[in-house]
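Just need the whole structure built from these sequences, with the hints factored in.
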Amino acid sequence: MIFPSFGFQTAVGSVQDYISTHQLAEYGERDVGWITAVLVFLTLFLGVQAGPLFDRYGPRVLLISGSLGSFASYILLAECKKYWHFMLCLGLLGGISAAIVTTVSIAVLSHWFSRRRALASGICMGGSSAGGAIIPLMLRTLFGKYGCIWVIRNVAFMALGCYMVGVLLVRGRLPPGSKNRVTIDLAAFKSPRLCFLAVAVFCFEFIIFGCAALLPSYVRYSRFSVDVQFYSLTVLNSMSLLGRVLPGFAADLFGRFNILLSLVVITIVIMAGVWLPYVNFLLALAFESIPWLSISSSSPKEPIGTR
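All residue numbers for the sequence shown refer to my numbering, where the first residue is 1151 and numbers rise by one.
For the record, the hints were derived by calculation from the structure and aren't laboratory data.
A hint or two may mislead.
The list that follows gives simulated cross-link-like pairs (lysine to aspartate or glutamate, EDC-like), each with its CA atoms no further than 20 Å apart [as the list claims (entries may be wrong)]:
no.	residue 1	residue 2
1	Lys1231	Glu1179
2	Lys1231	Glu1176
3	Lys1232	Asp1181
4	Lys1340	Asp1402
5	Lys1295	Glu1355
6	Lys1340	Asp1377
7	Lys1295	Asp1377
8	Lys1295	Glu1229
Encoded structure:
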């Protein structure tokens, strides 16, 4: 489930760079960037709504609806010609669908894992690394041979196959919550730790997704070859698999927040080295060290979707 949803978003820079030089060549990078910005924003922000729905109804209905919406967004994306087409299909429909799929896929882990929950979350998020590594290679290989329409359709049907397997295999273990439960649990904000964590995650995700979306365009403006534009995301996401799985294993041993804090410091240093001094492709490959660590294991099981 994470492979075609979150994985596509970590590789969305390849799509953004392509449409900014083809279908939307008359628009600036900032205008095209709003499309992927809406996509990522809705994916992360609407988890506030998708989480409580998961707590109330369980995973099955949500995964089916989210999967169908995501598949439809990819199919429609292949037919897009104008700016508002991309905004509606990729930004709005894609973001809403991805929010449902990713939130439920991550939250359901807490139904089955307790002692090794951080490791399970890391392995689950490894699907986004795989998607972010494979999809740019797929796009680079097929764009020149078959054109944008059929390449995106191939991505759509690949996603559909993954979603079908996920819907069949994913199950909830805990009983659904009360139908009278509020959609947004404001009581969760009584926890200062949760509030500060939400702010920290906002800042961290803002940087990570911004860099992932702009990296191919950044490489192109730095006058590297087209191959380097696509392979930069492949290297980033393929090596980030270690950054997702290994911190999850360490978090179960040394504490979630201890590991998270140390990785944030490392990430800040790498970011400064890549973006501030000068353009260097070898420094850009240092992105491979940037991890993404799910810390949902620090939340109680019952309202895990909400939190």
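Hints, verified against the model:
Annotation: proposed proximity of Lys1231 to Glu1179 holds, straight-line Cα distance about 17 Å (limit 20 Å). Using a Cα cut-off of 20 Å, the hinted pair Lys1231 and Glu1176 holds, with the two alpha carbons roughly 12 Å apart. With a C-alpha separation of about 12 Å, the suggested pair Lys1232 and Asp1181 falls inside the 20 Å cut-off, and the hint holds. Straight-line distance between C-alpha atoms of Lys1340 and Asp1402 comes to about 26 Å, which puts the hinted pair past the 20 Å bound.
The hinted pair formed by Lys1295 and Glu1355 fails the criterion: a straight-line CA distance of about 34 Å is larger than 20 Å. Proximity of Lys1340 to Asp1377 is assessed by CA-CA distance (about 49 Å); at most 20 Å being required, the pair is judged violated. Distance check on the hinted pair: Lys1295 and Asp1377 sit about 15 Å apart at the alpha-carbon level, within 20 Å; holds. A C-alpha spacing of about 18 Å is found between Lys1295 and Glu1229, which places the hinted pair at or below 20 Å, so the restraint holds.
Violated hints, in rising order: 4, 5, 6; the structure is consistent with all others.
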